[in-house]
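Protein chains: 2
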Amino acid sequence: MNVLKLGGSVITNKEKPKTADRATIERLAEEIALSRGEPLVLVHGGGSFGHPLAEKFKLTEGFKEASQFLGFSETHRAMVELNDMIIDALISRGVAAFPLPPSSFIITANGRIKTLDIQVLKKALKKGFTPVLHGDTVLDSHKGFSILSGDQLSARLALELKTTRLIFGVDVDGIYTSNPKLNPDARLLESLSLSEARNSAEIGRSTAIDVTGGMLGKIYEALPVVEAGIPVLILNAKKPHNIFKALRGESVVGTILRR
Amino acid sequence: MNVLKLGGSVITNKEKPKTADRATIERLAEEIALSRGEPLVLVHGGGSFGHPLAEKFKLTEGFKEASQFLGFSETHRAMVELNDMIIDALISRGVAAFPLPPSSFIITANGRIKTLDIQVLKKALKKGFTPVLHGDTVLDSHKGFSILSGDQLSARLALELKTTRLIFGVDVDGIYTSNPKLNPDARLLESLSLSEARNSAEIGRSTAIDVTGGMLGKIYEALPVVEAGIPVLILNAKKPHNIFKALRGESVVGTILRR
Chain A
1 MNVLKLGGSV
11 ITNKEKPKTA
21 DRATIERLAE
31 EIALSRGEPL
41 VLVHGGGSFG
51 HPLAEKFKLT
61 EGFKEASQFL
71 GFSETHRAMV
81 ELNDMIIDAL
91 ISRGVAAFPL
101 PPSSFIITAN
111 GRIKTLDIQV
121 LKKALKKGFT
131 PVLHGDTVLD
141 SHKGFSILSG
151 DQLSARLALE
161 LKTTRLIFGV
171 DVDGIYTSNP
181 KLNPDARLLE
191 SLSLSEARNS
201 AEIGRSTAID
211 VTGGMLGKIY
221 EALPVVEAGI
231 PVLILNAKKP
241 HNIFKALRGE
251 SVVGTILRR
Chain B
1001 MNVLKLGGSV
1011 ITNKEKPKTA
1021 DRATIERLAE
1031 EIALSRGEPL
1041 VLVHGGGSFG
1051 HPLAEKFKLT
1061 EGFKEASQFL
1071 GFSETHRAMV
1081 ELNDMIIDAL
1091 ISRGVAAFPL
1101 PPSSFIITAN
1111 GRIKTLDIQV
1121 LKKALKKGFT
1131 PVLHGDTVLD
1141 SHKGFSILSG
1151 DQLSARLALE
1161 LKTTRLIFGV
1171 DVDGIYTSNP
1181 KLNPDARLLE
1191 SLSLSEARNS
1201 AEIGRSTAID
1211 VTGGMLGKIY
1221 EALPVVEAGI
1231 PVLILNAKKP
1241 HNIFKALRGE
1251 SVVGTILRR
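Quick mapping for you: the protein sequence lines, in order, are chains A and B. Everything in the first sequence is counted per my numbering, starting at 1 for the first residue and increasing by one. Everything in the second sequence is counted per my numbering, starting at 1001 for the first residue and increasing by one.
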């Protein structure tokens, strides 16, 4: 079984609010449909649908003022709009997608998943559905509400379901020695050991590893998954065929984190 | 606290597949926004979004063949499409709507609600959100999957939440002595006792009560609610101001079922 997280920067245009990258969504739905065999849980990020609104209403900070409630609703609605597109792309290719919006069954405590009833998800998987989840606005038992990242969610699901692998589809080829967009000498790390990953996550910056963008968060969430013996792959989902190959267990250019 | 169920025939055009009655949706959202005070749980039916697809794929009968899985996904997706419109209409009027698609947290057993974790719903209500649910495709522990009606769901929620009242907004004025569309002498029953309601639900037809359309199902679901001392109102949601008044506890033309 695979858990695949598709980053918000893969499926949306991060520069323009509420702009989906339709061509990439269609291509990825096609790769998922063609790769079928192993059961799959798909998680996607919010990109330009979730982040600008979550920021506008300061949802990550939790409850501060009444106007945030409507902001919570608006932000969730934008995530559903993006999710609808992905569900449509999957259904039109014969994938029996089963949307599971996290806000309807997950409660966090200070931003970390506390209540997570995965009965429906397990049952849906067993029947052959493809559960589709996403980063979402959620109720939080400490601060009122919070934002649950797709990274945290996918790592937790990989652990709960003891999957074969956890795949992070991002918009770069993997983890580099330094920022490849700034440094022409940046080198892609094909693999990262648990201790290397742990060091970079603990220090929060590293002389040997580029932790810009969302990479630090991914490494941080990946740690318990790698510790549990589940390999974590970080690869470029903007490049055609990568997701298809990774879902089939074939080798792909990228970074693999393992124990 | 109110539980309001809006019938599919109120918010959609039942004759044409996937056709919403946008004007009615906007008007009802306005009445809900204006009536605010008491907490509200809103449940809506599927009308021409849910029923034709559920029928096409024989979802009520449960699992028969593999093609139904995609049918399940398509039917749920259509319900989400209708739900999205209602959520948008509420948000645009300042109502912090909190969609809770039943398929993500309810499992039925032979079509009756078995697993129902209302932790999130209760927490959302407490914070001042307006939870919005709908009739839905759900997983079923006996027959694979099933259709959960908005009638069953709203009655169950009224019981679980011990609400002030349960309101069924339909496209007729209430329960009649005979079918008002066929019989000009049909008389509206302003109130119905528990025993009268129980008799008509048990016999499945009645010489004194019109049980055509979805009325029998509503009376059947209403029985345990009425038994618990919660009055059930059946009224015409197609007529302006009725929902506004009923939500505020004002008297409205219709049928009231009470112990």
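One or more of the hints may lead you astray.
[As the list claims (entries may be wrong)] Part of the chain B face toward chain A, derived, beta carbon under 8 Å:
hint	residue
1	Glu1055
2	Phe1072
3	Gly1213
[Claimed, not checked] For each label pair, taking beta carbons as the anchor points, the in silico distance ranges come out as:
hint	chain 1	residue 1	chain 2	residue 2	range
4	A	Ala186	B	Asp1084	26 to 34 Å
5	A	Thr19	B	Pro1240	32 to 40 Å
6	B	Ala1208	A	Lys56	35 to 43 Å
7	B	Pro1240	A	Lys56	28 to 36 Å
8	A	Ser67	B	Arg1198	27 to 35 Å
9	A	Pro17	B	Ser1191	17 to 25 Å
[Stated by the list, open to error] Examples of chain A residues toward chain B, derived with CB under 10 Å:
hint	residue
10	Phe69
11	Phe72
12	Arg77
13	Val95
14	Gly128
15	Leu194
16	Gly214
17	Leu216
18	Tyr220
The set of hints was computed from the structure by calculation and includes no laboratory data. Even for Gly, the Cβ is constructed at its ideal location relative to N, Cα and C.
Evaluation of the provided hints:
1. Because the closest C-beta pair between Glu1055 of chain B and chain A is about 18 Å apart, greater than 8 Å, the hint is violated.
2. The interface hint given for Phe1072 of chain B holds, since its Cβ lies 7 Å from the closest Cβ of chain A, which is under the 8 Å cut-off.
3. Residue-level restraint check for Gly1213 of chain B is violated (minimum Cβ-Cβ distance to chain A is 31 Å; threshold 8 Å).
4. Taking the beta carbon of each, Ala186 of chain A and Asp1084 of chain B are about 43 Å apart, not inside 26 to 34 Å as hinted.
5. Distance hint for Thr19 of chain A and Pro1240 of chain B: a CB-CB separation of about 39 Å, consistent with the stated range 32 to 40 Å.
6. Range check, Ala1208 of chain B to Lys56 of chain A: Cβ separation about 58 Å, and the 35 to 43 Å hint is violated.
7. For the pair Pro1240 of chain B and Lys56 of chain A, the supplied restraint of 28 to 36 Å holds, since their beta-carbon distance comes to about 35 Å.
8. In this structure, Ser67 of chain A and Arg1198 of chain B break the distance hint of 27 to 35 Å, their C-beta atoms being roughly 48 Å apart.
9. Separation of Pro17 of chain A from Ser1191 of chain B is about 53 Å and departs from the stated range, judged on CB atoms against 17 to 25 Å.
10. Checking Phe69 of chain A against chain B by beta carbon gives a least distance of about 4 Å; that is within 10 Å, so the hint holds.
11. Here the hint on Phe72 of chain A is kept, as its CB sits about 7 Å from the closest CB of chain B, short of 10 Å.
12. Given hint, Arg77 of chain A at the interface with chain B, holds; its Cβ is 6 Å from that chain's nearest Cβ, closer than 10 Å.
13. A cut of 10 Å between beta carbons decides the hint on Val95 of chain A: the least distance to chain B is about 8 Å, and the hint holds.
14. For the restraint placing Gly128 of chain A at the interface with chain B, the shortest Cβ-Cβ distance is roughly 6 Å, inside the 10 Å limit, so the hint holds.
15. The interface hint given for Leu194 of chain A is broken, as the beta carbon of that residue sits about 34 Å from the closest beta carbon of chain B, more than 10 Å.
16. Evaluation of the Gly214 of chain A hint against chain B yields a violated restraint, the C-beta minimum of about 26 Å exceeding 10 Å.
17. Interface hint status for Leu216 of chain A: violated, as the beta-carbon distance to the closest one in chain B is roughly 30 Å, over 10 Å.
18. Taking 10 Å as the C-beta cut-off, the interface hint given for Tyr220 of chain A is violated, the closest approach to chain B being about 26 Å.
Comparing the model with each earlier hint shows violations of hints 1, 3, 4, 6, 8, 9, 15, 16, 17 and 18; every other hint is respected.
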